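**Student:** Protein chains in written order, with the working numbering: chain A, 0 to 110; chain B, 2 to 116.
Please keep in mind that the hints were generated in silico from the structure rather than gathered at the bench. Just so it is clear, the structure is predicted and the values come from calculations on it, not from any experiment. Errors might be hidden in some of the hints.
Said to hold, decoys possible - List time: in silico EDC-like cross-link candidates among lysine to aspartate or glutamate, alpha-carbon distance up to 16 Å:
1) B:Lys71 <-> B:Glu16
2) B:Lys68 <-> B:Asp84
3) A:Lys43 <-> B:Glu4
4) A:Lys43 <-> B:Glu6
5) A:Lys43 <-> A:Asp25
6) A:Lys43 <-> A:Glu58
7) B:Lys71 <-> B:Glu6
8) A:Lys13 <-> A:Glu71
9) B:Lys103 <-> A:Glu98
10) B:Lys103 <-> A:Glu78
11) B:Lys43 <-> B:Asp84
12) B:Lys71 <-> A:Asp37
13) B:Lys3 <-> A:Glu78
14) B:Lys71 <-> B:Glu4
15) B:Lys68 <-> B:Glu6
16) B:Lys43 <-> A:Asp37
17) B:Lys103 <-> B:Glu4
18) B:Lys68 <-> B:Glu16
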Amino acid sequence: NAGVTQTPKFRILKIGQSMTLQCTQDMNHNYMYWYRQDPGMGLKLIYYSVGAGITDKGEVPNGYNVSRSTTEDFPLRLELAAPSQTSVYFCASRPGQIEAFFGQGTRLTVV
Amino acid sequence: QKEVEQDPGPLSVPEGAIVSLNCTYSNSAFQYFMWYRQYSRKGPELLMYTYSSGNKEDGRFTAQVDKSSKYISLFIRDSQPSDSATYLCAMSADAGGTSYGKLTFGQGTILTVHP
């Protein structure tokens, strides 16, 4: 049972480069979320989706984009990477109940 | 003012101690109150959740919610070295209604239990 899978686990980007963080879940959950975690700051919501084709902005969406073409996949796109986007990114999914299941995270450094 | 405030610690205790972790919040719409545990370089995992006010116990862990004071707590009894982790409080207004179960997190408290 894979749960929520994120790739890559680590990445170093140069300023201005772009990349896509992949997130896949095999639990058939409708709700999916992207959070970023900075030291001492908890997790902040970037984008979320309530089902295929439906996405919306969270608290800190600037500099990011998402798409949700299938129930399983919820990729996060970074365009024109900036040092402020250095963070640990977590994808999560949830059925209609309380518990959210998180992936292992992607550690991104922008230099 | 942040919606959720959590004392970031860090907190270091001896094995067997009682640990108290706390969060305050300002949004009266929050109905679900959760504690997530996050081991180093791992994703958060749900430890406990409480709906509305009251207490909930699960083994060595007790979660308390006081909505009148906008204050939640997690108590860990007989703490063990394996409890060493970051503890994050999280809150949401609903499980899937108009807030879509979005979580608002506290800053996290780093707990170390030494033998």
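**Student:** Against each hint, give a clear statement of whether it holds in the structure.
**Tutor:** Okay, the hints, checked on the actual structure:
no., hint, result
1, B:Lys71 <-> B:Glu16, "30 Å, violated"
2, B:Lys68 <-> B:Asp84, "27 Å, violated"
3, A:Lys43 <-> B:Glu4, "12 Å, holds"
4, A:Lys43 <-> B:Glu6, "13 Å, holds"
5, A:Lys43 <-> A:Asp25, "24 Å, violated"
6, A:Lys43 <-> A:Glu58, "7 Å, holds"
7, B:Lys71 <-> B:Glu6, "11 Å, holds"
8, A:Lys13 <-> A:Glu71, "29 Å, violated"
9, B:Lys103 <-> A:Glu98, "11 Å, holds"
10, B:Lys103 <-> A:Glu78, "24 Å, violated"
11, B:Lys43 <-> B:Asp84, "14 Å, holds"
12, B:Lys71 <-> A:Asp37, "25 Å, violated"
13, B:Lys3 <-> A:Glu78, "28 Å, violated"
14, B:Lys71 <-> B:Glu4, "11 Å, holds"
15, B:Lys68 <-> B:Glu6, "15 Å, holds"
16, B:Lys43 <-> A:Asp37, "14 Å, holds"
17, B:Lys103 <-> B:Glu4, "13 Å, holds"
18, B:Lys68 <-> B:Glu16, "31 Å, violated"
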